[in-house]
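Visitor: Sequence:
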Amino acid sequence: MSYLYLTVLFPLIGFLLLAAGRDKLSENISAVIGAGSVGLSALIALIAGMEFVGNGSVAQVQHLWTWFSVGTFAPGISLHLDGLSLLMTGMITGVGFLIHIFASWYMRGEEGYARFFSYFNLFVASMLLLVLGDNLALLFLGWEGVGLCSYLLIGFYYSNPANGWAAIKAFTVTRVGDVFLLIALFLLYQQFGTLNIQYIVANAAQVMTLSSSLSIWTALMLFLGAAGKSAQIPLQTWLADAMAGPTPVSALIHAATMVTAGVYLTCRMFAVMEMAPEVMQFISITGAVTLLVAGFAALVQTDIKRILAYSTMSQLGYMFMAVGAEAYQAGLFHMLAHAFFKALLFLSSGAVILACHHEQNIFKMGGLRKKIPFVFWCFVIGGGALAALPIVTVGFFSKDAILGAVYAQSAMSNLPLYNTLYWVGVGGAFLTSIYTFRLIWVVFFGEEKTHAHEIKGVTYWGPLAILAALSTGLGYFLQGPVNKLLATAIPAFSIPETLEDAVAHAEHLASGVAIAGLIVGIILFAFAYNVVKSIANTSFGTGIANIWRNAFGFDALYHLVFVKPYLLIAKIMGRDPIDSLWLVLPALVKSGNSFTSSRQTGLLREYASSMSLGVVVLLMILIVIQVVGK
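So in the UniProt record's numbering, the last spot in the sequence shown is 630, and the numbers never skip.
These are computed hints drawn from the structure, not numbers from a lab.
Incorrect hints may have been included.
Result set (DSSO-like, lysine-lysine): computed pairs, CA atoms no more than 27 Å apart in a straight line [unchecked claim]:
id : residue 1 : residue 2
1  : Lys456    : Lys371
2  : Lys24     : Lys169
3  : Lys484    : Lys370
4  : Lys364    : Lys484
5  : Lys571    : Lys169
So the derived label-pair ranges between C-beta atoms look like this [stated by the list, open to error]:
id : residue 1 : residue 2 : range
6  : Phe68     : Ala536    : 55 to 61 Å
7  : Trp65     : Gly543    : 37 to 43 Å
8  : Ile523    : Ala570    : 49 to 55 Å
9  : Lys364    : Trp65     : 30 to 36 Å
10 : Asp576    : Gln190    : 35 to 41 Å
Ideal Cβ placement from N, Cα and C applies to all residues, glycine included.
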């Protein structure tokens with residue numbers, strides 16, 4: 001435990017070395033420093049985890065120093081290790097290490113190779129600080145760190161202005177969520193007098209009042225902060241555009257780091273969230289709406305990475321459905337499973353993009369099954385896990401656990417809302433199977449449209465092989481240990497024996513619908529694609545596809561409601577109206593000077609007339625004063 005800080009320190013040192021010598025370091029040295037520092041962090045996390053389990057899974061705190069002190073507010077640089085932070089640390093460093101290794105192959109020959117790995121290392125260090133911090137101030141420091149790194153990495157190819165705008169968009173939208181999180185921190189400090197996470201969680205029921213307005217606002221602000229990082233409606237518009245960065249960046253953001261931060265926050269602060277049941281229901285509703293919107297959007301995308309981006313948004317919706325149903329362990333296990341298969345899918349898409357000479361349009365690919373068979377099978381495994389194919393994939397065990405918990409919550413709470421959400425989740429599984437098959441069929445089957453060259457190298461296939469193994473049904477064996485680990489930090493979701501059969505039936509139904517979606521996908525794209533194209537070419541089909549392609553027009557709405565008024569205000573303020581207002585005074589003085597100067601004519605008759613007029617005016621003023629005085 002005394003060396004837990006090394007998990008954060010190693011990537012931070014890697015960042016400093018790479019940032020200082022990025023113009024002088026070779027690609028090999030940069031790769032060794034970048035991947036090696038995260039590998040050492042993963043090793044330390046493994047050792048710390050073994051000690052944690054060996055010591056009875058008792059939570060521990062490592063206080064390093066006091067960050068700052070203002071009156072009674074003195075947050076520390078302290079790391080907290082319990083079951084939840086250990087799971088997150090293992091996921092971040094383990095999956096992050098594999099992504100770093102793959103990136104060392106993918107980024108070869110790119111300008112700014114060392115700069116890329118410096119940002120990558122800082123990203124991992126910031127995320128580790130976020131999940132290990134024992135107080136919300138330190139968590140917020142890591143929170144802002146991953147926001148900064150996302151900006152740097154999404155806009156890595158900054159010579160293209162579109163990439164810069166995508167980075168600015170991601171940074172701006174997530175900053176909106178960060179404002180809500182800051183408000184939540186102020187509200188929590190007002191109520192608890194501290195930002196220590198464990199103290200707040202332990203005393204939430206005593207300090208906060210159930211369903212009071214203050215409790216509701218506090219929980220809502222926390223969730224809106226989480227929604228920004230985890231791309232949930234209404235703060236989801238940045239995620240698809242984040243594909244502007246290199247593909248390993250997409251893998252790191254979507255699989256192991258940034259987008260999982262919101263799920264972690266809501267689970268970590270479960271005691272606060274449960275003091276506002278209305279907000280918990282709102283969280284589940286938001287997750288359900290997000291997964292449907294993202295599912296429809298993924299159906300019509302043509303960019304291989306944007307399809308995967310919308311699938312990430314959809315899967316995050318499932319996780320928040322679980323959080324809102326108080327099934328935290330199910331949501332977190334799906335987060336872990338998602339890290340495996342989504343990293344596999346994004347890295348595999350990177351291999352496809354390189355093999356096809358940086359082509360990303362799936363309809364310009366085709367026939368790659370024979371050219372890159374290993375990547376094809378990785379896609380099949382990852383896509384199967386995404387679609388939650390029964391038994392053979394880890395996604396089956398994680399996603400069905402969420403749907404089962406939501407169904408159980410409906411019966412336990414006697415709220416019809418959760419029954420509706422269950423069916424929304426089942427519908428989302430149906431959509432997922434369709435767009436997943438569409439992606440694999442179009443890319444790997446049919447006629448070859450872009451000549452693909454051979455790709456090879458252990459740093460390419462090694463990470464994919466490990467992630468593929470973890471994405472299969474072997475991932476089931478992680479479920480028990482993960483739930484046992486999480487039980488030391490967050491409450492377990494217990495299903496009464498009387499509901500076990502009904503929940504099992506609900507899970508089996510969800511699996512059946514996922515398989516039905518796969519069959520529909522096969523029929524639509526393998527056998528009846530001409531019919532699909534003919535429908536798509538009708539005015540109705542074109543309109544629906546356009547709505548789905550633009551994810552129901554949130555970008556256009558925000559441009560109209562927020563961007564245009566902002567630009568108008570900026571244009572007005574660009575002319576500096578405040579400064580112009582102050583110019584009125586010198587203008588009056590100048591006008592007065594011009595008037596009095598024009599009266600200096602040198603004619604005695606005009607001077608005499610002016611004096612006489614002045615005397616008359618003064619006499620009239622005196623008369624008025626006397627009359628008013630009486």
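Visitor: Now look at each hint and say whether the structure bears it out.
Guide: Structure-based check of all given hints:
1. About 12 Å separates the Cα atoms of Lys456 and Lys371, which keeps this hinted pair within 27 Å; it holds.
2. Pair hint Lys24 plus Lys169 does not hold up; C-alpha atoms about 32 Å apart against a cutoff of 27 Å.
3. A C-alpha spacing of about 43 Å is found between Lys484 and Lys370, which places the hinted pair above 27 Å, so the restraint is violated.
4. Of the pairs offered as hints, the one joining Lys364 and Lys484 is violated, with about 47 Å between alpha carbons and a cut-off of 27 Å exceeded.
5. Under the criterion of a C-alpha separation no larger than 27 Å, the hint pairing Lys571 with Lys169 is consistent with the structure, at around 20 Å.
6. Roughly 59 Å separates the CB atoms of Phe68 and Ala536, a value that falls within the hinted 55 to 61 Å.
7. For Trp65 paired with Gly543, a C-beta distance near 60 Å fails the hint of 37 to 43 Å.
8. The hinted range of 49 to 55 Å is satisfied by Ile523 and Ala570, whose Cβ atoms lie roughly 52 Å apart.
9. About 55 Å separates the C-beta atoms of Lys364 and Trp65, a value inconsistent with the hinted range of 30 to 36 Å.
10. A hinted range of 35 to 41 Å for the beta carbons of Asp576 and Gln190 is consistent with their spacing of about 38 Å.
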